[in-house]
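Protein chains in written order, with numbering that gives the first Met the number 0: chain A, 0 to 222; chain B, 0 to 222.
There may be inaccurate statements among the hints.
Which copy? The list can't say, so a pair holds if one copy fits it or any two copies do.
No more than 25 Å apart at the CA atoms, straight line, and that leaves these computed lysine to any residue pairs for SDA-like [to be verified]:
#1 LYS190 with ARG73
#2 LYS27 with LYS219
#3 LYS47 with PRO171
#4 LYS27 with LEU173
#5 LYS199 with ASP147
#6 LYS47 with GLU179
#7 LYS69 with ALA150
#8 LYS13 with ARG88
#9 LYS55 with ASN188
#10 LYS53 with ARG88
#11 LYS219 with LEU154
#12 LYS13 with THR86
#13 LYS55 with GLN6
#14 LYS186 with ALA71
#15 LYS199 with ILE167
#16 LYS199 with ASN14
#17 LYS13 with GLU202
#18 LYS69 with ASN157
#19 LYS66 with VAL187
#20 LYS199 with LEU154
#21 LYS219 with ALA206
#22 LYS76 with ASP160
I should point out that these hints are in silico values taken from the structure, not numbers from a laboratory. If you're wondering where the values come from, they're calculated on a predicted model, not measured in any experiment.
Single-letter residue listing:
2 protein chains.
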Amino acid sequence: MEIKILQDILESNKNAAAEVKDLLKRKKIYMIDMMSSPGSGKTTLNDKLIGALKSKYRIAVIEGDIKTTKDAERLAKHNIPIFQIETDRFGGDCHLESTWVKKCLEQFDLDNLDLVIVENIGNLVCPAEFQLGDDERMVILSVAEGEDKPAKYPLMFNTSDTMVLNKIDLLPYLDYDMNELMGNLRKVNPKIGIFQVSAKTGEGMEALLKHIGDRINAKKQGA
Amino acid sequence: MEIKILQDILESNKNAAAEVKDLLKRKKIYMIDMMSSPGSGKTTLNDKLIGALKSKYRIAVIEGDIKTTKDAERLAKHNIPIFQIETDRFGGDCHLESTWVKKCLEQFDLDNLDLVIVENIGNLVCPAEFQLGDDERMVILSVAEGEDKPAKYPLMFNTSDTMVLNKIDLLPYLDYDMNELMGNLRKVNPKIGIFQVSAKTGEGMEALLKHIGDRINAKKQGA
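In isolation and in its complexed conformation, chain A is listed as follows:
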């Protein structure tokens, strides 16, 4: 019974995700689903990405949080469209679903957008199960979380297109084994794109910005 209901939810999520994908294709908008543990630095990363990209591209953000509008407030200075989903109002949900993303998208002026960034709930488990209809699933991992996370949360890393390893400015203060991380990562997803950055200091951000810019342009050209 429980399993049947879960299947129904996943099925209806899949259908809405397909509709989102169609809509984004028609409007030539690139969408990133940004996922991570709590405290990996998603909002700081977003702040820096938006700051660097907003002069060239028209950006909107969908913020997912269980409670508070803190993240949306932190990004408000950029004067871009931001839609906040507080899942607490739907019963404290631990992930975003494509039906909600679709409703958010319908609030935006889609003829004047190039990029939508979805900041998912801070959770390395549940968001992995729900496709949103995006172009790129990006998992953010802080070096402070250790090297074993791809092995312990395989679905998240296996279904992601890119991994952004954040907070590399902390590496000198941790006993971090980069080879172990990369070994664990390649075992679950040999094809994943990898970016090592410090959103705080700016280190490594250029490659990530170039990647996102290239993908936006490719989508514009109908890729």
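Could you slot chain B onto chain A? The hints should help.
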């Protein structure tokens, strides 16, 4: 329909939690439900706690992971009973439930135990909803996760008895506002017990060890 099923699951979890509570009371065993984000340092903390407590108390561990037995392997050197739950086998669950904990407890020699530590799935959302029948809910928060987590994940911090703020050895390398954290924490739970530690360097561990020792002794005396 979905809500009804969730209520059924929560209800059956609550019943099994009451059974666990009874069993632990009868056997005078103290049980801690340790919860946190992925990568907060739960296993390192556990390693240090067990190392310091095992000469005085008889300890068992229930390890929750979605995938891998890495954490159980890390603790194997202590030669104490460890039961690993890989939730991947039940469909990748994002939390532990009291029915599984009850089954694990039944594998242990309960007449020869003083302390059971449950290391829950790394997830700041879902485990908060499931009472396990323990004596103490302990949330571990790494300073690398930032100051806003109690505000953004209120149920976790509101239902916990103690918070262990871990990795304080990293404070000199972060722009960390301790007052902001404490303000956020007190707003959701003014009564929570707070321990600041570095499981890595050992700083602050004495107070936490004394707290756990006191609670084990109190339970032995029928408190």
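Consistency of the hints with the structure:
1. LYS190 with ARG73: neither (33 Å within a copy, 29 Å between copies)
2. LYS27 with LYS219: within (5 Å within a copy, 66 Å between copies)
3. LYS47 with PRO171: Both: 23 Å inside a copy, 23 Å across copies.
4. LYS27 with LEU173: Neither: 42 Å inside a chain and 39 Å across chains, both beyond 25 Å.
5. LYS199 with ASP147: both (23 Å within a copy, 17 Å between copies)
6. LYS47 with GLU179: Intra 28 Å, inter 23 Å, cutoff 25 Å: inter-copy only.
7. LYS69 with ALA150: Answer is between; shortest inter-copy Cα gap is 9 Å, intra-copy 31 Å.
8. LYS13 with ARG88: both (22 Å within a copy, 23 Å between copies)
9. LYS55 with ASN188: The answer is neither: 32 Å in one copy and 45 Å across copies each exceed 25 Å.
10. LYS53 with ARG88: neither (31 Å within a copy, 45 Å between copies)
11. LYS219 with LEU154: Neither way: LYS219 and LEU154 sit 30 Å apart in one copy and 42 Å across, limit 25 Å.
12. LYS13 with THR86: Cα proximity of LYS13 and THR86: in one copy and across copies (19 Å, 24 Å).
13. LYS55 with GLN6: The answer is neither: 41 Å in one copy and 49 Å across copies each exceed 25 Å.
14. LYS186 with ALA71: between (35 Å within a copy, 21 Å between copies)
15. LYS199 with ILE167: both (9 Å within a copy, 19 Å between copies)
16. LYS199 with ASN14: This pair counts as neither: shortest intra-copy Cα distance 38 Å, inter-copy 47 Å.
17. LYS13 with GLU202: neither (37 Å within a copy, 48 Å between copies)
18. LYS69 with ASN157: between (30 Å within a copy, 19 Å between copies)
19. LYS66 with VAL187: between (32 Å within a copy, 12 Å between copies)
20. LYS199 with LEU154: Classified as neither: same-chain Cα gap 28 Å, cross-chain 29 Å, threshold 25 Å.
21. LYS219 with ALA206: The answer is within: 20 Å in one copy meets 25 Å, while 59 Å across copies does not.
22. LYS76 with ASP160: Neither. Shortest intra-copy (29 Å) and inter-copy (37 Å) distances fail the 25 Å Cα cut-off.
Violated hints, in rising order: 1, 4, 9, 10, 11, 13, 16, 17, 20 and 22; the structure is consistent with all others.
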